[in-house]
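Undergrad: Go ahead and model the full structure; you've got the sequences and the hints to work with.
There are 2 protein chains.
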Amino acid sequence: MPEISPFDVSPWGIGWSGWEPSRQARRESVFSLSNGHIGWRGTLDEGDPCETPGAYLNGLFEHHPMPYAEDGYGYPEHGETVVNAPDGKIIRLLVDDEPFDIREGRLESHEQQLDFRAGTLRRDVRWTSPSGATVRVESVRLVSLTHRAIAAIDYRVTALSGPIDITVLSEIVADEPLPDVHPDERVMEPLRHPYEPIDRVVTKTGATLVHRTKRSRIGVAVAMEHAISGAASSVETEAWEDEARTTVTTRLAAGDSIRVVKFVGHEWSDDLTDAALRDRVEAAVATAVRLGWEGMAREQRAYLDDFWDAADVELEGDTQLQQAVRFALFQVLQSAARADLRSIPGKGLTGPGYEGHTFWDAETFVLPVLTYTAPEAAAHALRWRHSTLDTARERAQQLHLDGAAFPWRTISGRECSGYWPAGTVAFHINADIAAAVTRHVRATGDEEFERDVGLEILVETARLWVSLGYVDAGGVFHIDGITGPDEYSALVDDNTFTNLAAQRNLRGAADAARRHNARARELGVRDDEIGRWEIIADAIALPYDEERRVHQQAAGYTDLERWDFEATSPEQYPLQNHFPYFDLYRKQVLKQADLVLALQLFHEAFTTEETARAFAYYEELTVRDSSLSASTQSVVAAWVGQSELAIEYLTEAATIDLDDLRDDVDDGLHIAALGGVWTAVVSGLGGMKDGPNGLEFCPRLTAPITRLAFGIRIGGRMLRVDVSGDTASYTLSEGAPLPIRHFGAAVELRAGKPTRLPIPPAPDPGPRPSQPKGRSPQEVRAAKGD
Amino acid sequence: MPEISPFDVSPWGIGWSGWEPSRQARRESVFSLSNGHIGWRGTLDEGDPCETPGAYLNGLFEHHPMPYAEDGYGYPEHGETVVNAPDGKIIRLLVDDEPFDIREGRLESHEQQLDFRAGTLRRDVRWTSPSGATVRVESVRLVSLTHRAIAAIDYRVTALSGPIDITVLSEIVADEPLPDVHPDERVMEPLRHPYEPIDRVVTKTGATLVHRTKRSRIGVAVAMEHAISGAASSVETEAWEDEARTTVTTRLAAGDSIRVVKFVGHEWSDDLTDAALRDRVEAAVATAVRLGWEGMAREQRAYLDDFWDAADVELEGDTQLQQAVRFALFQVLQSAARADLRSIPGKGLTGPGYEGHTFWDAETFVLPVLTYTAPEAAAHALRWRHSTLDTARERAQQLHLDGAAFPWRTISGRECSGYWPAGTVAFHINADIAAAVTRHVRATGDEEFERDVGLEILVETARLWVSLGYVDAGGVFHIDGITGPDEYSALVDDNTFTNLAAQRNLRGAADAARRHNARARELGVRDDEIGRWEIIADAIALPYDEERRVHQQAAGYTDLERWDFEATSPEQYPLQNHFPYFDLYRKQVLKQADLVLALQLFHEAFTTEETARAFAYYEELTVRDSSLSASTQSVVAAWVGQSELAIEYLTEAATIDLDDLRDDVDDGLHIAALGGVWTAVVSGLGGMKDGPNGLEFCPRLTAPITRLAFGIRIGGRMLRVDVSGDTASYTLSEGAPLPIRHFGAAVELRAGKPTRLPIPPAPDPGPRPSQPKGRSPQEVRAAKGD
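Going down the list, the protein sequences come from chains A and B. Numbering follows my numbering, in which position 110 of the first sequence is assigned residue number 110; successive positions increment by one, without gaps. Numbering follows my numbering, in which position 583 of the second sequence is assigned residue number 583; successive positions increment by one, without gaps.
Possibly wrong hints are sitting among the right ones.
[Said to hold, decoys possible] The following label-pair restraints were derived from C-beta to C-beta distances:
#1 A:THR273 - B:MET188: 34 to 44 Å
#2 A:GLU394 - B:GLU185: 22 to 32 Å
#3 A:GLN572 - B:PRO767: 36 to 46 Å
#4 A:ARG562 - B:PRO692: 49 to 59 Å
#5 B:MET188 - A:GLU394: 28 to 38 Å
#6 A:GLN572 - B:GLU522: 54 to 64 Å
#7 B:MET188 - A:ASP270: 41 to 51 Å
#8 A:ARG562 - B:GLU522: 47 to 57 Å
#9 B:ARG217 - A:ARG192: 55 to 65 Å
#10 A:GLU394 - B:GLN778: 52 to 62 Å
[Stated by the list, open to error] Here are some chain B residues pointing at chain A (derived, C-beta under 7 Å):
#11 TRP16
#12 GLY74
#13 ASP180
#14 ASP184
#15 MET188
#16 TRP293
#17 GLY418
#18 TYR470
#19 VAL471
#20 ALA473
#21 PRO580
If you are wondering where the hints come from, they were derived from the structure by calculation, not from laboratory data. This one's a predicted model, so the numbers in the text were calculated from it and none came from an experiment. All residues carry an ideal CB built from backbone N, CA and C; glycine is no exception.
TA: Shown next as structure tokens:
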């Protein structure tokens, strides 16, 4: 069992000293750099040792057949899997003709440091070769947040003994192997060597490689150029089909250095010509060379300063939690900052997990953070969904439904789910996207976005719901036979989360169609259709157990047999690896928050007492085999006054990746769980609720937190909330007054002047809810620490 | 669209004159010969033209990987698919050096005739070669019902012009290609060339080939020997790895003949040595040679005379139906007669459909016929299930259940279902097997079988049910989240069919354990376990819709949305090919009888009025996309007095294969549907009910049937029932008196003396139930005739 937290604790970065072979993959994931377009895992510069090379371009994938033991109507025929892009981050080094390899010779010191403010990954190594030459290698990487096609490395070698012959081999390597992301050879085969080489260009100090994927026919151009300072005796570049290499040689006296700055450009397209791709990537690299390393680094810093100005979360009282929360925010930003019209995959661009697919968690866990901290990035992700509407309409048609049916998992927008009970029928994805649209419009006030992008999504998803459900003889609208968020339930009737989400979707569509009537008419929306949406929204079934006085996750849920938690041993988690689906599906056991997520996202539908009762009820059933659960449980725990539990769940969410709580960080970070961390802080501790009733804050500090401050972007302005002692202070940056509620009371915030308001004493929350045997946050963490 | 019934109508056989290329595969299926151990499709002797070569040995299969787009706990890793056995039925012919090929030259006449009393397939061809030589080829095939390893061909060539040079090439061909039974290349690959050659032996007039499957490691030996009469000028035999060939040459004057009798032996085993296999097959062939063709044919006739004595069904008034019913009985017998400790596959040994797997239909639709007409064959099929108990116990353990979980589809006994919602969770298979056991014991009175075979099956399946369900707070026993017989429903709670079947299973286990107390104790059964079975059986949930006054197929079923039959076009059937599963599952639409099958099999649980109401209710929802539905609907239609509908459904069931109603006979016959034909006649028109309340008959004749007679074997005796006019006559062959009920009244039948009883007038059945738009029996047949 790995230990907890090997990382150095500091508020604005995360470092790791030394080097252990077994932790290599975890390092690579945690130290990933990305701008949402390019992703570079935190591999060692010299390429070896390496667990998962990991250079990704958002949207670059290869097709593969989808195998089924028994086929069925509407099953997707082709899957999509992320493949490694030609990898430009490799800089090999020869020291007196011996390869620099930290497994050989003597590793004097080794540090890696991810800097949240600089947006860089720094590395500093001192190493003595087997034959006794000692060098220091310092590298700083960045993946530019301002030039989306560019990543760069500032690489410096200093001779600490000498003289030493130094050879720097800076490379682009295509066809790096993908790990076995699927057990089926038929799936893996096309992924092993996805490229055909198209073109290569070589200059003295750089090269461009152009490839095309064999099945998905996506063209990829990667170019590198180098700026060399210090005394280089020779520079030359060669290229082959799948590799380009610039070789710099020199002889360093002790204390002398050579510095190689490498600029790497990336372009891909499924419709540009090879020549156009090459021109674009070379132009991007030329711009980067002109700016130089210092220029790129300065822009990177400025971009992040602007981000942190609004978005920073300060948590005094727990340094480790402070670090984890900033790490989470930084990685969420990295996953999307420059994704431009592409998705936000479940793992961002930090690893091959989930085959590079995006899921509902992008809209439900990541976009709320981005909408309030980097709204342009959120808008881009939604514009990407909008761009896939034709595919979603075709899918709806195939399923004999109206409107659009967005895919459960995808890269391009086509459904890639091979297990329909937890794929095709998890229709809530459509309402999740719609909810992200309405939230974004509400938070930004961006009417143009609503008219040009949001409205069509809202209209087409509203149409889906109308055709998916039916009105019974009693006038109640039901949505039967679908799957809600919880993956230990499937094919249920009237999943409360889904029905509330559909309700908000229908109402959101009606509102937006009224506001943008001309555009709505272009989309074929007539007044009677709007009226129908509203009638159905009002008539939707919300199953409630009158006897137990609790909302049901789905019709009949609370009558199901309870899972036998007492008979389940710790080794049998995650349950899905040890029990058949049917047994999980038919019993009361939750992989993740489902009704509790409804309590959070659709809070206006529940009274405080209903929320508390439901939270307590479902706590007893939730085993958190999903990384998406803890943050939601943290938020609702905070709302119902279970502050100790809220902090425990927040801590779990914040350390899922850093402490590798689920033993799977090697495949990449859990971007949605990281998004949930912000929500757990801002919406849980900070008590922020948004929704049809406007913006409300009910912040409460809880030990060990002594001060909490966070910021959101709202309607083009910044609002910072600072909570300490029994006072909350609200500061609006500029512009028109902002109406909010503070613990239910309406307040109008005015720009510039902080509004300080007292925090009322917390009511008695009652007894602490219990979790299934062995599944409390402390127990889960303790089991991990074994 | 093929026309209806190309076959000649005769009461004791089925013939087809002429030859049409497009009907070749259908001929091959319909003219299949089998003894349950060996299956030979009705291919042409000369091997070409041929659609599906089809030589099968029951239990001979090859492993293949099971592909999944997304994996899950408990999914089977390996599939099993029937492969062609080395094919000994090929006899090629050269006529003056030109190959005898009915596509070439001039086909003067061509007849094939399956004879239900002789148990042979006769063929008679007159053909003129392209160069003008005219021959008559007569062949008679049999697959021996008395020597299970032997098939034989009596092959005769007569020169009708002459002199003609004749060369007869009699072959065994291994590695005949299997059609693409699966769309996945990864599945097909190991099935294409499944054998490695092991050994071959050649004599002057015969040869033996020994092979072994590459993955499943099953050894197969096929041997041939020839008896030649008429003037052969030379005989010689050669063999290669995958072929053996005996060549007979002669020169015939006009009017002269040559006759070659070919005896083919078959053995397979997964534990015998290659030498043992060879010895056995050669010994079997030697016996056959000693008996000679005439001896074999005599034994075949005697076996069938004995079968028909008891089993024949006479239906006067509709010659075509008479033929179809005898065809059905003949093919059911062929599927199982000598299967000895092997399964009865869904297609018998008549084609590669369903990959050669056996399903619940063997126990539910085929074994009832065999138990009452060929009880030894039924006993063997149940002994086979018993022999797989260890595998079923392992499967139960994997699923965290007690007792045994029999596979949904299999050849060897291992679960091969790749779609768990209609596989793993169709747990009723276990009660279906148990029901076949209790029925068999009741019908045969075979206490030794019950003690040695039946009891353990009953006990282990009873244990399964106890662990699968749970008792709710109100003391009701529920079985949630499973799938019943209808394949357009899945993952339902308290499926009425399953619950009634489980109830009978539990009670049957309790009864048998009490009767065989010592053996039960060896199986670990204690008195309190027996008591628990009975308590649970009494407490089982039977969902009933109080408002609609109808039994529910499953809890909540009658509240589901109805399928929109009006909006469904004829081309959209079968629905599963045009709609996604989730939409079928969540609506009221039935692929096949489910609750109605419960009305039939568990009739004691329903009053006459409940039966009539439920039948009418579910008729409106049943689209009969399954071949297993019509016979059940026929039985219950007859019971509720809807005699016209009963005849229509009987006709549909009886012609599914002969008229190829489902366009899939090419892959093999629907053995279970053929079994249902007998049940529709005997249990429907004949009104026979068996079950815990004993044996009852309520026979009624319906136009066009003017007389109905059928026989059953019961307790070692034969009972014949003969119905004409308004009288039923019961004749018991021998032995102790037999208590039955005749229209509810207890009667004791005594051996020898017919008991003639009047048939009471039929009560008014009320209006004819309606079917979904376009799905009445007439409409389905009319659509086919287009």
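Undergrad: Next step is simple, just say for each hint if it's right about the structure.
TA: Comparing the hints with the structure gives:
no.: 1; hint: A:THR273 - B:MET188: 34 to 44 Å; verdict: holds (39 Å)
no.: 2; hint: A:GLU394 - B:GLU185: 22 to 32 Å; verdict: holds (27 Å)
no.: 3; hint: A:GLN572 - B:PRO767: 36 to 46 Å; verdict: violated (56 Å)
no.: 4; hint: A:ARG562 - B:PRO692: 49 to 59 Å; verdict: violated (35 Å)
no.: 5; hint: B:MET188 - A:GLU394: 28 to 38 Å; verdict: holds (30 Å)
no.: 6; hint: A:GLN572 - B:GLU522: 54 to 64 Å; verdict: violated (33 Å)
no.: 7; hint: B:MET188 - A:ASP270: 41 to 51 Å; verdict: violated (32 Å)
no.: 8; hint: A:ARG562 - B:GLU522: 47 to 57 Å; verdict: violated (35 Å)
no.: 9; hint: B:ARG217 - A:ARG192: 55 to 65 Å; verdict: violated (31 Å)
no.: 10; hint: A:GLU394 - B:GLN778: 52 to 62 Å; verdict: violated (38 Å)
no.: 11; hint: TRP16; verdict: violated (33 Å)
no.: 12; hint: GLY74; verdict: holds (4 Å)
no.: 13; hint: ASP180; verdict: violated (13 Å)
no.: 14; hint: ASP184; verdict: holds (5 Å)
no.: 15; hint: MET188; verdict: violated (11 Å)
no.: 16; hint: TRP293; verdict: violated (45 Å)
no.: 17; hint: GLY418; verdict: holds (2 Å)
no.: 18; hint: TYR470; verdict: holds (5 Å)
no.: 19; hint: VAL471; verdict: violated (10 Å)
no.: 20; hint: ALA473; verdict: violated (9 Å)
no.: 21; hint: PRO580; verdict: holds (4 Å)
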